[in-house]
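J.: Okay, here's what each chain looks like letter by letter:
6 protein chains.
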Amino acid sequence: MKTPLVADLNSEQSITSFFLVHEKEIRNTREGKAYLRLELGDRSGTIEARMWDQFESAAKDISRDDLVKVQARVEIYRNRPQLSLQQVRLAKPEEVDLADFLPQTKADVGKLYAQLVEYAGSIGNPWLKKLVTGIISDPGIAARYKRAPAAKVMHHAYLGGLLEHVISLCGLAKQIAAHYPELDVDLLLTAAMLHDVGKLEELCFERAIGYTVEGQLLGHIVMELETVSKAIDAIEGFPSNLKTVVQHLLISHHGQYEFGSPKLPMIREALAFHYLDDLDSKLAAARAALAVDTGEPEWSAYSGALGRKFLRLDQFLKTPALAPTDRK
Amino acid sequence: MKTPLVADLNSEQSITSFFLVHEKEIRNTREGKAYLRLELGDRSGTIEARMWDQFESAAKDISRDDLVKVQARVEIYRNRPQLSLQQVRLAKPEEVDLADFLPQTKADVGKLYAQLVEYAGSIGNPWLKKLVTGIISDPGIAARYKRAPAAKVMHHAYLGGLLEHVISLCGLAKQIAAHYPELDVDLLLTAAMLHDVGKLEELCFERAIGYTVEGQLLGHIVMELETVSKAIDAIEGFPSNLKTVVQHLLISHHGQYEFGSPKLPMIREALAFHYLDDLDSKLAAARAALAVDTGEPEWSAYSGALGRKFLRLDQFLKTPALAPTDRK
Amino acid sequence: MKTPLVADLNSEQSITSFFLVHEKEIRNTREGKAYLRLELGDRSGTIEARMWDQFESAAKDISRDDLVKVQARVEIYRNRPQLSLQQVRLAKPEEVDLADFLPQTKADVGKLYAQLVEYAGSIGNPWLKKLVTGIISDPGIAARYKRAPAAKVMHHAYLGGLLEHVISLCGLAKQIAAHYPELDVDLLLTAAMLHDVGKLEELCFERAIGYTVEGQLLGHIVMELETVSKAIDAIEGFPSNLKTVVQHLLISHHGQYEFGSPKLPMIREALAFHYLDDLDSKLAAARAALAVDTGEPEWSAYSGALGRKFLRLDQFLKTPALAPTDRK
Amino acid sequence: MKTPLVADLNSEQSITSFFLVHEKEIRNTREGKAYLRLELGDRSGTIEARMWDQFESAAKDISRDDLVKVQARVEIYRNRPQLSLQQVRLAKPEEVDLADFLPQTKADVGKLYAQLVEYAGSIGNPWLKKLVTGIISDPGIAARYKRAPAAKVMHHAYLGGLLEHVISLCGLAKQIAAHYPELDVDLLLTAAMLHDVGKLEELCFERAIGYTVEGQLLGHIVMELETVSKAIDAIEGFPSNLKTVVQHLLISHHGQYEFGSPKLPMIREALAFHYLDDLDSKLAAARAALAVDTGEPEWSAYSGALGRKFLRLDQFLKTPALAPTDRK
Amino acid sequence: MKTPLVADLNSEQSITSFFLVHEKEIRNTREGKAYLRLELGDRSGTIEARMWDQFESAAKDISRDDLVKVQARVEIYRNRPQLSLQQVRLAKPEEVDLADFLPQTKADVGKLYAQLVEYAGSIGNPWLKKLVTGIISDPGIAARYKRAPAAKVMHHAYLGGLLEHVISLCGLAKQIAAHYPELDVDLLLTAAMLHDVGKLEELCFERAIGYTVEGQLLGHIVMELETVSKAIDAIEGFPSNLKTVVQHLLISHHGQYEFGSPKLPMIREALAFHYLDDLDSKLAAARAALAVDTGEPEWSAYSGALGRKFLRLDQFLKTPALAPTDRK
Amino acid sequence: MKTPLVADLNSEQSITSFFLVHEKEIRNTREGKAYLRLELGDRSGTIEARMWDQFESAAKDISRDDLVKVQARVEIYRNRPQLSLQQVRLAKPEEVDLADFLPQTKADVGKLYAQLVEYAGSIGNPWLKKLVTGIISDPGIAARYKRAPAAKVMHHAYLGGLLEHVISLCGLAKQIAAHYPELDVDLLLTAAMLHDVGKLEELCFERAIGYTVEGQLLGHIVMELETVSKAIDAIEGFPSNLKTVVQHLLISHHGQYEFGSPKLPMIREALAFHYLDDLDSKLAAARAALAVDTGEPEWSAYSGALGRKFLRLDQFLKTPALAPTDRK
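Residue numbers (our numbering), protein chains in the order written: chain V, 17 to 344; chain S, 17 to 344; chain X, 17 to 344; chain W, 17 to 344; chain R, 17 to 344; chain G, 17 to 344.
Rather than coming from a laboratory, the hints here were simulated on the basis of the structure.
Some clues are possibly wrong.
The list makes no distinction among identical chains, and a pair is therefore deemed to hold if it is satisfied within one copy or across any two copies.
Unchecked claim - Below, in silico cross-link-like pairs of lysine-lysine (DSBU-like), each with a Cα-Cα straight-line distance of 30 Å or less:
{"hint": "1", "residue 1": "K246", "residue 2": "K122"}
{"hint": "2", "residue 1": "K334", "residue 2": "K127"}
{"hint": "3", "residue 1": "K40", "residue 2": "K146"}
{"hint": "4", "residue 1": "K246", "residue 2": "K85"}
{"hint": "5", "residue 1": "K246", "residue 2": "K40"}
{"hint": "6", "residue 1": "K246", "residue 2": "K325"}
{"hint": "7", "residue 1": "K18", "residue 2": "K145"}
{"hint": "8", "residue 1": "K40", "residue 2": "K325"}
{"hint": "9", "residue 1": "K49", "residue 2": "K162"}
{"hint": "10", "residue 1": "K246", "residue 2": "K18"}
{"hint": "11", "residue 1": "K259", "residue 2": "K325"}
{"hint": "12", "residue 1": "K85", "residue 2": "K259"}
{"hint": "13", "residue 1": "K190", "residue 2": "K127"}
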């Protein structure tokens with residue numbers, strides 16, 4: 017792991033470290049002197065940086081989203097910490113570990129993707145099988161599918177998180193369909209594999225997890241609707257009503273208008289899938305909150321996604337209960 | 017106008033009249049005797065009808081959404097009025113006037129459509145002009161555009177209502193763009209002409225205004241998104257970011273998540289268009305409520321769309337004010 | 017099945033049938049003449065009944081919630097249908113089938129209960145096993161558990177419905193715990209078997225499904241909290257913190273304050289159980305809405321519990337799609 | 017423009033500049049030594065200031081809302097920047113430009129006011145014309161009308177902002193009335209010119225934009241209701257029902273209860289005016305958010321009034337779209 | 017009491033009785049024959065009436081809100097009961113008792129008003145005492161104050177109800193001020209006596225309780241604000257800030273924006289008064305719901321104002337509890 | 017009073033003072049060197065503290081919630097103030113005054129408790145009297161009842177606050193029952209004395225006011241329900257329906273589902289008690305906000321519990337009103 021991380025910087029310290037360039041601009045002081053202003057970051061946070069002299073060649077080489085090596089001093093300016101840069105250059109690929117800049121799944125992405133292909137192959141309905149297989153094996157999509165996080169902050173917010181979430185949902189889909197004979201497993205699997213495919217374009221996650229402009233303006237539901245509809249239209253003979261059903265599964269999966277679903281689930285598979293998706297996301301959010309070391313032995317970090325803390329159950333259950341007399 | 021209308025039927029009356037078939041089924045009495053059950057209607061309402069004898073050939077000829085001529089007796093059964101049918105046959109086209117079965121705009125649809133074409137022609141941006149012109153002059157779309165209502169019940173709920181609403185919005189768009197130089201008139205006009213194009217498929221309005229199954233499952237925003245996106249993709253060279261902007265205008269026009277917009281307006285034209293659309297719809301709803309003769313001299317009918325009654329302003333202003341002494 | 021049902025009564029008909037007494041009172045006409053007024057019902061609805069002469073001995077014998085045999089005439093009074101009673105007497109047990117008066121599960125209740133006992137036996141944690149087994153095998157509770165509906169109207173609203181719902185949840189609990197290793201299956205099973213035990217006292221379901229006064233004032237969450245807490249206190253050595261966890265599972269299972277949960281789930285098992293409970297209830301509500309023959313081939317009855325209709329998917333998927341030309 | 021502005025202060029700098037006194041008090045240190053504490057500000061922000069020695073005469077001369085000239089040193093105390101004052105005295109009127117202390121419209125206020133008078137003169141209804149003309153030409157009101165902002169933070173939050181907003185609304189009113197023949201232009205103009213007249217007293221804006229105590233307790237709707245009602249009562253013969261209508265226009269212009277309108281619009285002019293007012297305010301808020309240089313090339317500053325950022329459309333449309341291969 | 021009341025009408029009955037005219041119009045049958053249509057009512061309900069022949073002189077004499085004597089036959093038309101009028105004439109004052117047409121308080125209005133005057137006299141602050149005394153002793157106001165209901169349906173919805181409500185609030189005000197020394201009793205009493213004075217004009221209650229047009233458009237808060245402000249302005253020297261406080265008490269008494277208060281209480285007396293007003297209104301609504309004989313021994317009628325039924329506590333507490341064995 | 021308080025610490029100061037230990041842990045620097053980290057506090061706030069050398073024996077002696085004496089230096093680390101500890105040891109009881117660490121009522125707790133006993137003794141209903149007396153005189157409960165705050169932050173958030181709140185409610189209960197003869201004073205008093213008894217276990221307030229884990233998971237309503245139900249069950253012959261009524265009073269006292277009441281008040285005493293409880297809590301919150309010296313002469317501190325500031329009425333009323341000419 018690189019040192020120091022942004023979160024570890026102390027005032028009046030001289031450092032040599034690697035950072036990701038979030039923003040770059042040339043600015044002028046009030047007196048008209050030009051300088052280079054960067055926003056630098058790593059997985060622990062971001063900091064402003066300024067370079068006052070001989071920044072021209074650095075400025076030419078470096079762009080947003082590049083990884084750079086810097087030599088700098090930590091200072092305070094207008095009451096905020098900043099780096100005063102002495103040297104800065106592009107990092108060499110072998111010098112840096114992307115994991116220092118973006119969190120990543122601990123699972124084996126190759127294996128997860130193989131499972132995805134297997135689930136797609138298990139779909140019985142030929143139209144749906146062709147649709148799902150076609151989409152996930154499109155080379156451009158596959159590459160991003162293996163890498164995408166499931167969200168920016170809410171749940172599975174790390175590289176590979178989307179695939180983890182989808183594989184978990186496919187497993188749930190199989191179980192639920194076995195439990196409720198009235199549910200069609202093919203529709204549930206289709207929903208699981210396609211419901212977040214729009215996130216491949218809604219989010220950008222090359223160097224940092226964020227939203228694309230299109231993602232902000234349209235959102236993943238609308239984006240995947242277009243991707244999936246086009247894929248359907250390219251399959252000759254795909255039944256028109258089945259297309260409507262697939263589209264409905266996508267647009268209703270948030271379950272409520274206020275969560276951005278323009279339609280409520282009106283098919284049982286859509287209703288059930290909404291619950292599975294919500295359950296898996298919320299459990300992942302709880303898992304993340306519990307993974308933070310808070311210093312509080314019995315409570316997790318506060319989860320913004322869930323609006324509460326979670327109890328560390330094992331800890332609580334092994335706490336010896338107070339004798340009643342201690343309580344009163 | 018046909019007589020009698022459903023709303024005018026009296027108990028124990030014998031009638032000959034024309035109706036639209038809303039539902040048709042063969043049922044069995046508890047004793048196992050088959051009979052024909054129809055749901056018949058006209059613009060004033062609906063009534064159940066039963067035919068007990070010799071209904072076989074009628075049942076074969078007649079389908080849902082047909083117009084029929086009936087001879088019947090008005091009776092009461094299980095406390096609800098019904099028609100006991102003596103004869104029923106398909107109406108001949110020349111015997112009926114569709115206006116008896118569905119309310120219609122009083123405006124000249126041909127003229128409105130010509131105005132629509134003119135507005136489309138006035139768009140300066142060549143890509144948007146090509147897009148809008150292409151869609152509204154598609155023969156299948158044009159025919160439905162001239163006929164569609166703007167809604168089932170909320171506003172402009174009559175044949176031709178959609179076109180009336182859109183033409184009004186185009187006029188407003190021109191005015192608003194003149195008033196606020198920061199607004200792009202081409203985007204406003206595009207929004208006006210395309211924002212409800214999905215209603216052509218969300219609603220069915222051949223014989224009665226209702227929702228199609230696809231309309232229920234997807235809604236007009238999602239349906240027009242597909243129509244418009246395809247039309248864009250068919251125009252070679254259409255700028256990709258402009259496509260995103262057009263899509264955003266469509267999906268944000270309801271203005272709030274809880275009204276089924278999966279995104280809030282994030283472009284000024286989208287914000288302004290949302291207000292214009294809402295204003296025109298709500299004024300139309302007020303107009304409709306005021307058009308009902310309620311017997312109350314000073315108040316309109318209750319508007320479900322608006323959740324209130326409206327004051328008949330002219331009436332109120334000419335009421336001589338009570339002298340203060342009368343009031344106290 | 018008894019005939020006629022209330023829903024089948026026609027005006028000016030003379031009938032002989034069996035009904036459940038919902039209300040009984042002696043009233044006086046304006047002229048001071050006493051008469052007997054009953055509210056009678058069966059599984060299809062209710063109707064008012066009046067007996068004008070020689071009702072004294074009948075009035076003495078009959079009480080609310082009795083089943084009676086009547087001879088009567090169907091009349092209209094003050095614009096509402098009523099029965100004018102000629103004779104009325106207590107029905108003999110062998111004359112009536114309770115199923116005519118209350119809907120019932122089609123499952124074999126004995127088998128379901130055996131499964132419940134088996135699930136309880138599968139709990140590994142000795143304290144929880146002792147708690148759950150003790151409660152469900154209490155003779156008074158077991159008898160009611162086999163008979164109780166899960167709700168008055170929302171879902172599983174028929175005799176045996178509660179047991180069906182619980183068995184389904186136990187199956188889901190096993191699956192989910194296998195899927196998420198972080199979840200404790202014993203807590204999930206405990207929640208499944210005890211979370212609605214308060215409904216045994218919140219609802220009354222001897223002759224009709226309704227609420228007890230205690231049920232109205234306290235609700236099943238509070239009622240079962242007392243039942244379960246007492247059962248825990250009766251087990252010597254039950255760990256105090258485990259008691260808190262069980263209580264939390266009960267009071268948080270509605271998942272939101274506005275659904276009457278005084279606490280949000282703060283343990284992962286509580287969160288997951290809330291989703292399972294909601295999923296099973298809502299799917300049951302959808303199933304019930306789809307079971308109603310609505311005359312609409314593609315849509316279920318409107319489900320008040322869900323605020324929407326459901327699509328009959330099989331029907332819709334086999335409808336031949338309209339050719340595009342038919343649509344435009 | 018004065019230098020430096022508060023926003024430009026750097027640590028350990030010695031300055032001479034002009035500020036507005038927001039607060040003034042004499043305090044004691046823990047050791048009992050008295051000192052002068054001021055809150056100083058200009059259009060860019062505020063800063064605390066302390067004067068430790070020989071502050072007595074300064075303290076006597078200076079009051080809240082005075083403009084002062086100071087000589088001081090910028091320091092950090094308990095982790096917050098502050099000014100350590102060496103000298104402070106009242107500024108002479110000729111030394112300061114009020115524009116340095118409060119933001120101002122770029123429009124020509126005299127011209128705007130002339131337009132206002134012209135719009136009032138264009139009202140056809142003699143009662144309304146007399147009412148509006150009388151109010152806006154009252155010398156006390158006119159002076160404040162020319163200077164008032166339209167809000168403290170939400171929109172048009174600068175001197176002259178109210179007049180800008182009103183003139184924009186008058187223009188919209190004319191257009192809308194031309195578009196919808198059912199709307200009375202006189203009522204719309206009256207609403208435009210009087211609907212925020214209460215802000216002249218709700219806000220104080222001599223030296224800083226804030227709320228008066230009366231403004232906090234009553235709000236501009238209630239305050240203008242009194243101003244306008246009194247003006248009406250002073251016009252002999254003003255029709256009583258027309259008074260009610262004008263009052264209704266004022267109290268319903270926020271459109272919803274939760275925005276402080278005690279009545280929903282029940283007259284079409286009130287409904288339409290509410291939309292115009294909301295549109296003009298929200299577009300102004302978007303304009304303000306877009307005017308902030310955020311460093312993000314494609315997004316405006318976050319607008320608290322609108323709860324979102326806005327897209328810089330021109331910027332986005334000229335961005336060359338990524339080739340699909342870059343995206344995947 | 018007059019007989020029969022509307023609620024007691026039976027089909028095919030001939031009656032002679034007195035009614036209040038709610039609506040009157042001349043209509044034409046489809047064949048063009050004119051007839052008189054009235055809406056008649058008494059305290060128990062309303063019924064439609066038609067007069068087919070020789071109605072001309074009656075139609076000329078009779079107006080809305082008149083009391084009439086009719087001879088008529090009770091019939092059913094289009095499934096709704098109606099009166100077929102044979103004769104109708106204005107009732108003579110001595111023939112009718114207004115109490116048959118509008119519900120009335122059981123308290124002695126003269127005594128209540130005397131208490132009101134006494135409470136006003138007990139105010140210590142001379143300005144408030146002068147204000148309140150002046151308003152309640154204005155002859156026009158006093159006459160209406162003695163007669164007004166407190167609401168159309170929510171609570172105290174009978175003649176004299178407002179006075180009952182106000183006297184109760186004055187008593188509470190005295191107690192609360194004694195309990196909390198920080199509260200000013202004079203302000204609480206002023207609020208109690210003036211907070212609903214706008215209802216004298218918001219409601220009309222000569223012959224039936226309803227809303228005036230002004231009441232609908234402005235509401236009682238706005239109406240009393242004008243009445244009270246004028247009364248204050250007529251008192252020379254009334255302190256300006258005290259006027260603001262009184263106005264704030266009036267406009268904040270509904271406590272929440274969504275109940276039509278344009279400001280939240282920001283003075284402790286305003287906060288406390290809001291609770292007292294709400295408490296007294298809600299207890300009155302509960303009292304009214306419990307006063308209805310529902311046939312259910314343990315539950316009140318459903319209170320629309322409260323959204324629930326109330327328990328008949330005395331009844332419930334004397335019910336012998338079921339033995340536990342009966343319950344299980 | 018101890019000096020200095022946390023709120024008075026200045027950078028680079030050496031201090032000797034007493035603090036409460038909120039957290040204690042041994043941590044390692046990046047280089048692997050162990051150090052002691054404490055979170056220390058008093059009634060004015062909290063601060064982090066680190067001890068780098070010879071902390072072992074201190075670390076062994078000291079636990080969370082201990083009071084300690086420290087010698088330390090105030091420093092800034094990573095931009096936050098901290099204490100660098102030179103010495104730390106357990107404080108001797110005689111060295112510290114608990115009042116320095118937790119805010120306390122100014123009332124005489126002994127007297128308040130005597131009043132509580134007296135109110136309990138005044139209950140007429142023998143069952144309720146026995147119940148309430150039994151609970152409040154249980155030695156374990158009594159000790160905590162005298163010490164408990166009524167909340168962590170919302171109202172009466174200081175030691176003894178709960179008792180103050182309850183005594184105030186008992187007084188209100190007596191008054192309200194005298195005012196409304198329909199209300200049973202015994203039920204109101206019972207509600208007052210028992211409705212927050214769960215707070216004795218929901219909150220911990222030995223050294224700081226916080227929530228117990230049980231309090232977080234169950235809440236005071238559920239906790240007191242168990243306490244009170246057990247107390248009832250221990251009274252032989254306590255009427256079963258009266259138990260239900262008492263339980264209903266407890267669980268409905270928050271008045272709304274969203275405030276954590278699983279049932280709405282359905283008994284008049286429960287409705288009235290909810291208003292009294294809310295009134296007393298909100299007035300206490302207003303009192304607390306007004307007690308803060310804000311520097312603003314006319315406004316209180318912002319009250320989070322109430323979502324607003326309060327007017328300092330006395331201050332405002334004595335402000336000389338501006339002459340109208342100053343305003344315009």
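J.: The structure should be examined with respect to each hint, and the outcome stated for every one.
T.: A quick look at each hint next to the structure:
Taking CA atoms no more than 30 Å apart as the test, K246 paired with K122 passes in neither setting, with 34 Å inside one copy and 40 Å between copies. In this homomeric assembly, K334 and K127 never come within 30 Å of each other (Cα to Cα): the closest approach is 37 Å inside a single copy and 38 Å across copies. Taking the closest pair of Cα atoms, K40 and K146 never come within 30 Å of each other, the shortest separation being 45 Å inside a single copy and 39 Å across copies. With identical chains, the CA atoms of K246 and K85 are never at most 30 Å apart, being 44 Å at best within one copy and 46 Å at best between copies.
Proximity of K246 to K40 under the C-alpha cut-off of 30 Å is found in neither arrangement, the shortest distances being 38 Å within a copy and 38 Å between copies. Taking the shortest Cα distances, K246 and K325 sit within 30 Å of each other only across copies (29 Å), while inside one copy they are farther apart (42 Å). Taking the closest pair of Cα atoms, K18 and K145 never come within 30 Å of each other, the shortest separation being 44 Å inside a single copy and 51 Å across copies. In this homomeric assembly, K40 and K325 come within 30 Å of each other (Cα to Cα) only across copies, at 21 Å, whereas the closest approach inside a single copy is 37 Å.
Proximity of K49 to K162 under the C-alpha cut-off of 30 Å is found in neither arrangement, the shortest distances being 46 Å within a copy and 41 Å between copies. Within a single copy, K246 and K18 get their C-alpha atoms no closer than 44 Å, and across copies no closer than 48 Å, so neither meets the 30 Å cut-off. Taking the closest pair of Cα atoms, K259 and K325 come within 30 Å of each other only across two copies (20 Å); inside a single copy the shortest separation is 41 Å, beyond that limit. In this assembly of identical chains, the alpha carbons of K85 and K259 never lie at most 30 Å apart, being 51 Å within a copy and 39 Å across copies at closest.
In the homo-oligomer, the alpha carbons of K190 and K127 lie at most 30 Å apart both inside one protomer (19 Å) and across protomers (26 Å), since each shortest distance falls under that limit.
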